[in-house]
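Protein chains: 2
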Amino acid sequence: MYDRTKGFRDFYPGEMSARRAVIDTLEETAVRYGFREVGTPALERTEMYVDKSGVEIVEELYSFTDQGGRDVAMTPELTPTVARMVVAKQQELSKPVKWFSTRPFWRYEQVQQGRFREFYQTNVDIFGSAEPAADAEVLAYAADALTELGLTSEDFDFRVSHRDVLGGLLASFEGEVDTGAAIRAVDKREKLEVGEYHGLLADAGLSDGQAEEFDGLLETPEDDLDDLVAFAGSEQVESAVTNLRNVLDAADDLGAREYCTLSLDTARGLDYYTGVVFECFDSTGEVSRSVFGGGRYDDLIEGFGGQPMPAVGVAPGLAPLSLLCQRAGVWPEERVTTDYYVLQIGDTRPTAARVVRDLRGRGNVVETDVAGRSFGAQLEYADSINAETVVIVGEQDLAEGQVTVKDMESGDQAQVPVESFPGEHERPTYDDLA
Amino acid sequence: MYDRTKGFRDFYPGEMSARRAVIDTLEETAVRYGFREVGTPALERTEMYVDKSGVEIVEELYSFTDQGGRDVAMTPELTPTVARMVVAKQQELSKPVKWFSTRPFWRYEQVQQGRFREFYQTNVDIFGSAEPAADAEVLAYAADALTELGLTSEDFDFRVSHRDVLGGLLASFEGEVDTGAAIRAVDKREKLEVGEYHGLLADAGLSDGQAEEFDGLLETPEDDLDDLVAFAGSEQVESAVTNLRNVLDAADDLGAREYCTLSLDTARGLDYYTGVVFECFDSTGEVSRSVFGGGRYDDLIEGFGGQPMPAVGVAPGLAPLSLLCQRAGVWPEERVTTDYYVLQIGDTRPTAARVVRDLRGRGNVVETDVAGRSFGAQLEYADSINAETVVIVGEQDLAEGQVTVKDMESGDQAQVPVESFPGEHERPTYDDLA
Numbered sequence: 001m002y003d004r005t006k007g008f009r010d011f012y013p014g015e016m017s018a019r020r021a022v023i024d025t026l027e028e029t030a031v032r033y034g035f036r037e038v039g040t041p042a043l044e045r046t047e048m049y050v051d052k053s054g055v056e057i058v059e060e061l062y063s064f065t066d067q068g069g070r071d072v073a074m075t076p077e078l079t080p081t082v083a084r085m086v087v088a089k090q091q092e093l094s095k096p097v098k099w100f101s102t103r104p105f106w107r108y109e110q111v112q113q114g115r116f117r118e119f120y121q122t123n124v125d126i127f128g129s130a131e132p133a134a135d136a137e138v139l140a141y142a143a144d145a146l147t148e149l150g151l152t153s154e155d156f157d158f159r160v161s162h163r164d165v166l167g168g169l170l171a172s173f174e175g176e177v178d179t180g181a182a183i184r185a186v187d188k189r190e191k192l193e194v195g196e197y198h199g200l201l202a203d204a205g206l207s208d209g210q211a212e213e214f215d216g217l218l219e220t221p222e223d224d225l226d227d228l229v230a231f232a233g234s235e236q237v238e239s240a241v242t243n244l245r246n247v248l249d250a251a252d253d254l255g256a257r258e259y260c261t262l263s264l265d266t267a268r269g270l271d272y273y274t275g276v277v278f279e280c281f282d283s284t285g286e287v288s289r290s291v292f293g294g295g296r297y298d299d300l301i302e303g304f305g306g307q308p309m310p311a312v313g314v315a316p317g318l319a320p321l322s323l324l325c326q327r328a329g330v331w332p333e334e335r336v337t338t339d340y341y342v343l344q345i346g347d348t349r350p351t352a353a354r355v356v357r358d359l360r361g362r363g364n365v366v367e368t369d370v371a372g373r374s375f376g377a378q379l380e381y382a383d384s385i386n387a388e389t390v391v392i393v394g395e396q397d398l399a400e401g402q403v404t405v406k407d408m409e410s411g412d413q414a415q416v417p418v419e420s421f422p423g424e425h426e427r428p429t430y431d432d433l434a
Numbered sequence: 001m002y003d004r005t006k007g008f009r010d011f012y013p014g015e016m017s018a019r020r021a022v023i024d025t026l027e028e029t030a031v032r033y034g035f036r037e038v039g040t041p042a043l044e045r046t047e048m049y050v051d052k053s054g055v056e057i058v059e060e061l062y063s064f065t066d067q068g069g070r071d072v073a074m075t076p077e078l079t080p081t082v083a084r085m086v087v088a089k090q091q092e093l094s095k096p097v098k099w100f101s102t103r104p105f106w107r108y109e110q111v112q113q114g115r116f117r118e119f120y121q122t123n124v125d126i127f128g129s130a131e132p133a134a135d136a137e138v139l140a141y142a143a144d145a146l147t148e149l150g151l152t153s154e155d156f157d158f159r160v161s162h163r164d165v166l167g168g169l170l171a172s173f174e175g176e177v178d179t180g181a182a183i184r185a186v187d188k189r190e191k192l193e194v195g196e197y198h199g200l201l202a203d204a205g206l207s208d209g210q211a212e213e214f215d216g217l218l219e220t221p222e223d224d225l226d227d228l229v230a231f232a233g234s235e236q237v238e239s240a241v242t243n244l245r246n247v248l249d250a251a252d253d254l255g256a257r258e259y260c261t262l263s264l265d266t267a268r269g270l271d272y273y274t275g276v277v278f279e280c281f282d283s284t285g286e287v288s289r290s291v292f293g294g295g296r297y298d299d300l301i302e303g304f305g306g307q308p309m310p311a312v313g314v315a316p317g318l319a320p321l322s323l324l325c326q327r328a329g330v331w332p333e334e335r336v337t338t339d340y341y342v343l344q345i346g347d348t349r350p351t352a353a354r355v356v357r358d359l360r361g362r363g364n365v366v367e368t369d370v371a372g373r374s375f376g377a378q379l380e381y382a383d384s385i386n387a388e389t390v391v392i393v394g395e396q397d398l399a400e401g402q403v404t405v406k407d408m409e410s411g412d413q414a415q416v417p418v419e420s421f422p423g424e425h426e427r428p429t430y431d432d433l434a
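In the order they appear, the protein sequences are chains A and V.
Going by the UniProt record's numbering, the first sequence opens with residue 1, and the numbers climb by one from there.
Going by the UniProt record's numbering, the second sequence opens with residue 1, and the numbers climb by one from there.
These are calculated hints, taken from the structure and not from any lab test.
There may be inaccurate statements among the hints.
If chains are identical, the list can't say which one is meant, so a pair holds when it fits in one copy or spans any two.
[Said to hold, decoys possible] Taking lysine-lysine pairs in the BS3-like style, the calculated list, with each CA pair at most 30 Å apart, reads:
hint, residue 1, residue 2
1, K406, K188
2, K6, K52
3, K6, K95
4, K89, K6
5, K95, K406
6, K191, K89
7, K52, K95
8, K191, K6
9, K188, K52
Next comes chain A alone, as it looks inside the complex:
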């Protein structure tokens, strides 16, 4: 018996059917928004990640040298790959480029609740628009996908911020402030003790007084955003505040405003974000970590050797999303379903096979005996796969030109002429025939 690899999971049919239903919803919503599916490779050159995130990233990668001497890594995220793909065909692609895909990614990190070394995400991105309408479309997509899953505004909350509000405020303090380090500190704020957090801000160059003032600014309510503009007195903060408002206005037109809360301490850890950023949280707080996040990354395409091209995206991950859906009671039932089991007694295979083919041809999920089992064993199996209706094709019945249609919930059954089954019905049940 062989072991699974730690942090990698097997999904058996019951659990998989729930995951598939959720993935289908995430994807069908993306399709309705006009996002187009792309297919992407599992391996990329390791240097792509090192260039983007620094050499420390290698510790988190499943990276190795392939048989041809290439340094490659199993993709830890999609964004660099789609950026590479956009750059490769930047001229010929019609803009904006709106892409989605669902697939696994791999990171060598601590396994914990809702976090595995192999994890699935649906990535949804728009390349080629710097307009607030693009940020809003990404927010609206995410909100629509979650409400399609059955979640409501009571369940989730998009905490929305703008990197340049944070950056601009930090830049307005006296002294040498390391903006990147300070933003990373803000990003970890909720997870840290106050002392640790202030220690990180101090490392980033903020005095105790400045740190306290900065914290106060982060609490600024939405109606008072002009206070931040006044405090900073910089064009950077002014245009960031304007952009943030425009994005929220556009989200309002698309019905997504009600899910958004201003939250200036939402920073997103990744260095490549440049504008509006947001994270989805469980409104009840029961799921304590961010469920997923997204935002604007206008510099990445140019950084990958393309012409400058703005971009914004979001990437719901299935594992944390399942925690939220389970908390809210909307995770799909983890069970297989079957429309028909066609039960064979005696040598009735030709007729049973005809019935099976007719029912499958109408789009039904149909199983029949492939193991030469007894009546009892077949009925037990039909029950184990949650068959709704069992069609019993028995030798004696057939001699009279009949089959028996049995409703598995009530146990009711009726004989019907085999000639007229399934007849005109797409999906005949006991109730249709009795």
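Following the hints, put chain V in place on chain A, whose structure we already have.
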């Protein structure tokens, strides 16, 4: 600009939409047959493949040592993984176990037409039945999936054989014959020169006269299978021939017989096959290699430490299947489709957004301006995404309570009251409204 990894592909939306349509067909057919989707990891312990296939397999693997010191490999095929999963829950799973999944696999091998280092397969397997009905269900699934794709009996052919017919015939020759080596030679027969092929048979222990006789036996037509039984005089060949006939009879009941041809030189290279084996070929021969194959592997579960459990499966691969579909003219069109583009002129976003939401809510694929572009640029974009209908939401029209609905194929357009759009229609077109 970064390079792709050799043998790995990017799929842009046009090509991806065709691939997705084909995968959907392969999967929907499997669902109708009552196969259940499973989710499987991308990494397994390398030893699992070495134990099964010998240490030479490592040369074909993307294998490495992970950060935790585990020897792991990117899965080169699914069968060992599903065998591991069956063994892990063998008691509790209801039998037969009928599973499918579509996903990429990875092998470091020569890149050629229809063969890449990253390749997609839909694996379909039945565990827990040794009955011919199970082999037949797998054949019928494969035939149904291909005909659903638009292929006909003129296009493809399942060459069906039985490992024990070959094995039993070889065993009936005088002298020491290495059955495995001889079967591998047969498997390569079509690709080799006659001399090379006979050389391999000689290496396997067959004299020239025996090799010639063996070749003659492989040509035995279906009606004369009893001649093989008589020649071998062994129970092994007799029961293999009986089993082969029973599988073909069962396939006949399921409508798959017409796609099957007896072909005793179809051996399937993999050592783990034990009974009926088959390969799908292009009937015209234009696609020269086997498109995909399948068969029975009754010993694998026990070899993986489980209770003995028979199994049979098939695994259509997307790349060779695309060659066949393209040859037959049934590969789906590689283009994106769009139901509506909602064009905004002036400050009409709130109304345009309402129209967009209504149309998306009815399940349509809808794009709108997210880049603040001109009328002309928007219309050009709508054309580039093959929008069927453009809904023009202009300031002047709106002042009169109207929007314009334009059919993009004919160019015809009509004004309709914005209040009644989209109205009762799920998917209103120019023709509905004019």
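Hint-by-hint comparison with the structure:
no.: 1; hint: K406 / K188; verdict: neither (59 Å within a copy, 51 Å between copies)
no.: 2; hint: K6 / K52; verdict: both (27 Å within a copy, 21 Å between copies)
no.: 3; hint: K6 / K95; verdict: between (42 Å within a copy, 28 Å between copies)
no.: 4; hint: K89 / K6; verdict: between (38 Å within a copy, 18 Å between copies)
no.: 5; hint: K95 / K406; verdict: between (56 Å within a copy, 21 Å between copies)
no.: 6; hint: K191 / K89; verdict: neither (41 Å within a copy, 38 Å between copies)
no.: 7; hint: K52 / K95; verdict: within (24 Å within a copy, 49 Å between copies)
no.: 8; hint: K191 / K6; verdict: within (26 Å within a copy, 42 Å between copies)
no.: 9; hint: K188 / K52; verdict: within (21 Å within a copy, 47 Å between copies)
Checked against the numbered hints given earlier, the structure breaks hints 1 and 6 and satisfies all the rest.
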